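Novice: Same order as they appear, the protein sequences are chains A and B.
Here the working numbering is used: the first residue of the first sequence is 291, the next is one more, and so on.
Here the working numbering is used: the first residue of the second sequence is 174, the next is one more, and so on.
Since the hints were derived computationally from the structure, they do not count as laboratory data.
Owing to the predicted nature of the structure, the values given are computational and were not obtained by experimental measurement.
Don't be surprised by glycine CBs; every beta carbon is placed ideally from N, CA and C.
Treat the hints with care, as some may be off.
Stated by the list, open to error - Have a look at the derived ranges for each label pair, beta carbon to beta carbon: (1) B:A200 <-> A:L406: 56 to 64 Å; (2) A:A575 <-> B:A298: 54 to 62 Å; (3) B:S492 <-> A:R540: 22 to 30 Å; (4) A:W448 <-> B:R556: 53 to 61 Å; (5) A:I582 <-> B:A249: 29 to 37 Å; (6) B:F536 <-> A:G407: 29 to 37 Å; (7) A:R540 <-> B:R494: 20 to 28 Å; (8) A:R540 <-> B:K362: 40 to 48 Å.
Stated by the list, open to error - The following residues of chain B were derived to be distant from chain A, with all beta-carbon distances above 10 Å: (9) L233; (10) A249; (11) E311; (12) A357; (13) L375; (14) L399; (15) R419; (16) S444; (17) P493; (18) A498; (19) D529; (20) Q544; (21) L567; (22) T653; (23) Q654.
Okay, here's what each chain looks like letter by letter:
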Amino acid sequence: MIQRLLPFLTLIALFVALSIASPHFLTNTNLSSVVRQTAVINIMALGMTLIIIAGGIDLSVGAILAFGGLMGTMAMERGYPIVAGIFIGAFAGMLWGVVNGALATHLNINPFIVTLGTMGIARGLTLIVSNGLPVHQIPQRFSFLGEGNLLGVPFVLWIVVACAVAVHVILEHTRLGRYAYAIGSNPDAAYYAGIPVAFHTTAVYAIGGLLTGLAGMVEASRLMTGQPTAGQGYELQAIAAVVIGGGSLRGGEGSVIGTLIGAFIMGLLSNGSDLLGISPYLQQAIIGAVIILVVWVDELRRRKMSR
Amino acid sequence: MLLALHGIQKRFGGVVALRRGDLEVQAGEVHLLLGENGAGKSTLMKVVAGMIGRDGGEMLWQGRPADFRSPKEAAANGIAMVHQESLLAPHLTVAENIFLGREERLPLGWVRRRRMAEQAARLIAEHGFPLQADWRVERLSPAGKQLVEICRAIQHGSSLLIFDEPTSSLSESETQAVFRIVGALRDRKMGVIYITHRLQELRSVGDRVTILRDGETVHTGPLAGLGTDRIIQHMVGREVTAIYRREPLEPGAELMRVRGLSSRPLVKDISFTLRAGEIVGLAGLVGAGRTELCDALFGIHPPDGGTVEVEGRAIRVKSPREAVAAGIALIPEDRQKNGLAKALPVGYNMTMASLDSLSRFGFLRHGAERQTASEFIARLRIRVDSPHQLAGRLSGGNQQKVVISKWLARGARVFLFDEPARGIDVGAKVEVFEVMDELARSGAAILMVSSELAELLQVADRILVMRHGRITAELPGRTTQEEIMRHAALDDGNVKGEVIQE
Numbered sequence: 291m292i293q294r295l296l297p298f299l300t301l302i303a304l305f306v307a308l309s310i311a312s313p314h315f316l317t318n319t320n321l322s323s324v325v326r327q328t329a330v331i332n333i334m335a336l337g338m339t340l341i342i343i344a345g346g347i348d349l350s351v352g353a354i355l356a357f358g359g360l361m362g363t364m365a366m367e368r369g370y371p372i373v374a375g376i377f378i379g380a381f382a383g384m385l386w387g388v389v390n391g392a393l394a395t396h397l398n399i400n401p402f403i404v405t406l407g408t409m410g411i412a413r414g415l416t417l418i419v420s421n422g423l424p425v426h427q428i429p430q431r432f433s434f435l436g437e438g439n440l441l442g443v444p445f446v447l448w449i450v451v452a453c454a455v456a457v458h459v460i461l462e463h464t465r466l467g468r469y470a471y472a473i474g475s476n477p478d479a480a481y482y483a484g485i486p487v488a489f490h491t492t493a494v495y496a497i498g499g500l501l502t503g504l505a506g507m508v509e510a511s512r513l514m515t516g517q518p519t520a521g522q523g524y525e526l527q528a529i530a531a532v533v534i535g536g537g538s539l540r541g542g543e544g545s546v547i548g549t550l551i552g553a554f555i556m557g558l559l560s561n562g563s564d565l566l567g568i569s570p571y572l573q574q575a576i577i578g579a580v581i582i583l584v585v586w587v588d589e590l591r592r593r594k595m596s597r
Numbered sequence: 174m175l176l177a178l179h180g181i182q183k184r185f186g187g188v189v190a191l192r193r194g195d196l197e198v199q200a201g202e203v204h205l206l207l208g209e210n211g212a213g214k215s216t217l218m219k220v221v222a223g224m225i226g227r228d229g230g231e232m233l234w235q236g237r238p239a240d241f242r243s244p245k246e247a248a249a250n251g252i253a254m255v256h257q258e259s260l261l262a263p264h265l266t267v268a269e270n271i272f273l274g275r276e277e278r279l280p281l282g283w284v285r286r287r288r289m290a291e292q293a294a295r296l297i298a299e300h301g302f303p304l305q306a307d308w309r310v311e312r313l314s315p316a317g318k319q320l321v322e323i324c325r326a327i328q329h330g331s332s333l334l335i336f337d338e339p340t341s342s343l344s345e346s347e348t349q350a351v352f353r354i355v356g357a358l359r360d361r362k363m364g365v366i367y368i369t370h371r372l373q374e375l376r377s378v379g380d381r382v383t384i385l386r387d388g389e390t391v392h393t394g395p396l397a398g399l400g401t402d403r404i405i406q407h408m409v410g411r412e413v414t415a416i417y418r419r420e421p422l423e424p425g426a427e428l429m430r431v432r433g434l435s436s437r438p439l440v441k442d443i444s445f446t447l448r449a450g451e452i453v454g455l456a457g458l459v460g461a462g463r464t465e466l467c468d469a470l471f472g473i474h475p476p477d478g479g480t481v482e483v484e485g486r487a488i489r490v491k492s493p494r495e496a497v498a499a500g501i502a503l504i505p506e507d508r509q510k511n512g513l514a515k516a517l518p519v520g521y522n523m524t525m526a527s528l529d530s531l532s533r534f535g536f537l538r539h540g541a542e543r544q545t546a547s548e549f550i551a552r553l554r555i556r557v558d559s560p561h562q563l564a565g566r567l568s569g570g571n572q573q574k575v576v577i578s579k580w581l582a583r584g585a586r587v588f589l590f591d592e593p594a595r596g597i598d599v600g601a602k603v604e605v606f607e608v609m610d611e612l613a614r615s616g617a618a619i620l621m622v623s624s625e626l627a628e629l630l631q632v633a634d635r636i637l638v639m640r641h642g643r644i645t646a647e648l649p650g651r652t653t654q655e656e657i658m659r660h661a662a663l664d665d666g667n668v669k670g671e672v673i674q675e
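Generate the whole structure from the sequences, applying the supplied hints.
Specialist: Take a look at the structure:
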């Protein structure tokens, strides 16, 4: 039980340690900035949670994020209203999710390979469409999405919470969520039970893509540009958040709360390193080591359970 | 005395797997190790083979206290284990597998392939195994793989060989081949420990028996003069009537009609009907196409010819979806692989096929789901703490009941049971048969595939026999094993090589 709570305890310990170590940590400004910085990874990681539970993986989310962000900002540049732009960005992400799911299920190619391929294609298309140049002509009010406050907390926190609740409801209270667990836990048994495996797998990737597109708009709003090179390496952070939070790359395991904790652990590690003046080079190494440590402890727990 | 174990104890976390494991094996004897699933047989053997440590007790190997800390150390001392599931490297050849981990090497790690191939070939020829040193292991049948494991053990100069349920996946003729080999090993003064579930095959291999129950050795002695009923009684700890006999009932309406069904390459021109209340057995040798027939009916490998009608309506199955929609259920041969999501709760597994009716607008109706799960846990007497328990932690019999519940919850009417009692305890077997009987009585039609002829004779109302993809006979339920074998194996005397390499 203690081990099951390990990610949560790690988060608390980090929080307490940083509160003691740095006077600047427990300030409104700093905590808000942690929330804003982790929001993008959080939203992506929530979609990744669904995908990983269903036994898949999506390496293309970093590229999809850039694609979505670019489509949304380009729409605004052409005079579409802000809300429409956000929808277009999210929707563009969803299309890539559908492509990923359809390729993985209908061509029966390993999702690792499929999304490695679409990662390149989506990034390439983004660069072609934008000519490699960022989109700058964006209405000023769009910055509210990433930088604004609502009821005293960052607006993105509300978005993260809404997405988290939505994914949690999908996982625990819908047929799609149950099928995701079944497919991830044993795809053969799911198929033998008459579950439309291809359709539901594709739906899961589509939701992942939708959230990634939305994350792309948040990122664009924070930067106030549609950046075709945005999101590089984010896929690994999103996967790491899920895995730190107890998700298993073998499928069938993972939870919304775990993923949120995982994303915040990484956010705090990076924020704390900044506050304590640890070099960004070392930060990366620390985060990498923490990923291995947490997953190793989780593996020990699993082994103990199964024997 | 080759091996002596006294009072071996082993616990995993809070679970006691072995309380008092006693076993003595002499050179030149085949010692049967019996017990229900979870009795501690495998744990005891893992202790002997150095795969796990023991918490208490004494182990004497060739008269000296021994404590093997790894399989490698046990192997170096002459103990080898042939596993139920093949632990071979499928992409390597027979010879490479025989020498795996013990390659003959020149300095700098150069592997002497040709020399090893020659040695392997000599070993194979010496024993007359139907193998070739350069065959790739992935192409071998389960029996062929087992032979390779046996070669491995012999090559390493073992003096004690442990067989963990060697014949559970083998056909009749392959089983006989394994028995011959076991006999030959005994003649060479090796000690053999043989774990099995199949009571029938005991007589043809064993010299002495040790029976475990709940982690304790409850009986040990010569096999001769020990009746099957006594063995079962020792295993189960109470009187059990192993001889289950179903009372057939008057069959009702026709539920399934199959005409000229074929599914290349193993199912050819199959016709039969199933009626409500009937249990129809399907017998045949391994490779006769029984599982393939079930797979074709269920849409795993859709048929390429013929017609299937369910309750008078013609159906076309392209995937399990259509079969399930038509009311067909498959309880697959390999339930761990195809029937269960082991890491998910029992309740999830039970409702997996019926979420369409247990949800509204895509949202689960948790109340209805819970009710379904508890209903079937009670009805099939499934032993679980709660529906939240993970399916993988149940015993084989209870897992099988969970798989059956999945289809009961769905309201299926035609059940295809593929080896329903394989790998299940004696006591649980009878319970599974009772569930099948109950199903038939409530108006379902059942097709039951089994390699255990005795089982078919106990349960089936009539028996279809398949050979080489065709139905060769339809026999009444009260027929004999000899009669079934006659139709199943008519011209199978010369296919041993074919059986070994698929």
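Novice: Which of the listed hints are not met by the structure?
Specialist: Hints 4, 17, 18 and 19 contradicted; others consistent.
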